[in-house]
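From first to last, the protein sequence lines are chains A and B. Numbered per my numbering, the first sequence spans residues 1 to 325. Numbered per my numbering, the second sequence spans residues 1 to 131.
Because the hints were derived from the structure by calculation, they are not lab data. Each hint should be verified, as a subset may be incorrect.
What the hints assert, rightly or not - Footprint (simulated), chain B over chain A, 3 or more residues, beta carbon under 8 Å:
1. 29-42
2. 100-106
3. 265-272
Quick caveat, the model's predicted, so the values are computed rather than measured. Where is the CB? At the ideal position from N, CA and C, for every residue including glycine.
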Amino acid sequence: MTLPPRAEPTVAELLEGFAERRVGALARAISWVEDGEEFAGELLDSLYEQTGNAWRTGLTGPPGAGKSTLSDVLVRYWAEKGSQAALIAVDPSSPFTGGALLGDRVRMDQALADAGVYVRSMANRGSLGGMSLATGAAADLCDAFGFPEIILETVGVGQAEVDIMAAVDVAVVVLTPQSGDGIQAMKAGLMEVGDLFVVNKADCAGADRLKHEIESILDLRQTPGPMPEVVTCSAKLGDGIQDVAIAIERRRKVMTESGFLETRRNTRALARIRRLLEGGLRAEIWSHAQMEGKAKAALADGARPDAIAAQLLNEVLKKVNVCDE
Amino acid sequence: MSKRLRILVAKPGLDGHDRGAKVVAASLRDRGFEVIYTGLHRTPIQIVDAAEQEDVDVIGLSILSGSHMELLPRVRRLLVERGLDHVLLVAGGIIPVADAVVLETDGYAKIFGPGTATGAIADYLEAQFAS
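Chain A with its partners taken away, still in its complex shape:
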């Protein structure tokens, strides 16, 4: 059996699909962005004015903290209030094969599908920091499509994956009572980016103690913006979900009133430019096969690794001509 060749839609067709709110058009558009399709930029340009209406909430935290379960219940909470949500869930790509196993749908309540929720699983495609390079643009597309709530769920992160900040209005850090000792080590990084801290699995012992520990760390925090709240919940049992949702809404209100939201959104745009620029440059460097060849040859000649890197960097900089006038 041969497949009918897939007719790639035009930009105009996709825009029409957005106007008619056809899910297939949104799904295809996100693939365009992920795959770096030729007309992805043109599509995003056309939709740019329609963005900026959605609230973007990020869920991040260590693997197994309950990010998927929590995003699931939040999506349902908002759906019941009449705010349809789009969920973008990022999982890691294998650094060796580029393949990925995206399992967020396994934990999803299937009733969500009937509530008009959009769920998209993304592989990070080698991008560090908890997200893929295309995640921000994918959120823009969901925004332009008309979803009032967008949840970005990161790869399970350790301490320093803070790119979530570059993509959302409110970054929620999800921890569990088991995260206890790790919190001390996390004083930098993750603890600095959170706008709201959720101690999930609060049905297990130690949740209140962890809450107090986080609060005492936050007391010393130097990052700008209003002081984050710490709430406990059990996403699986459904306890405290309302508290989390209300805390997110309270945070939005505080951020809006203090003017911090605007600052955040400007920072976000800049951080995104930086990420894309760096990611693009990295891909560009390694797309030239001779780069690795040169490195190997220099190593074989007995040169020092740091010196080789400095030499190659010089060559790259000359080529892209970013040196000052």
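Based on these hints, arrange chain B on the given structure of chain A.
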């Protein structure tokens, strides 16, 4: 960023055995596919919804319950109704040869029966998208 093949691995109907689906999902990941696994007990509508939202190139259905002649054609019909007939449709599990022949004449590109070598599925899919 370059194109990666995306495949939805799904378990339709009342069938609680997903070791096979998980082995296949892992092997496809190891061959460079982006594999989205649905989890157990999905209805044909849920599977087609997921395929549409995820914009997949392939759907692989794993079914061991015996109700393949009921559920598999239904997935195929829904795909056509949604205009998603460009998605390559394959299935595997306990499917008798006579049934496999019927399915392969009606929208299924390939049925992989018991005893299929793990790598054979990835080989097949790569060949389909080689051009």
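Examine the region 265-272 of chain A for residues whose CB is less than 8 Å from any CB of chain B, and state whether their number is three or more. Coverage by chain B is violated for the region 265-272 of chain A (0 residues, Cβ < 8 Å).
With a C-beta cutoff of 8 Å, work out whether three or more residues of the region 29-42 of chain A approach chain B closely enough for the coverage to hold. With 5 residues closer than 8 Å to chain B, the region 29-42 of chain A meets the three-residue bar; holds.
Cut-off 8 Å, C-beta pairs, minimum 3 residues; does the coverage of the region 100-106 of chain A by chain B stand? holds (count 6)
The structure fails to meet hint 3 from the earlier list, while all remaining hints are met.
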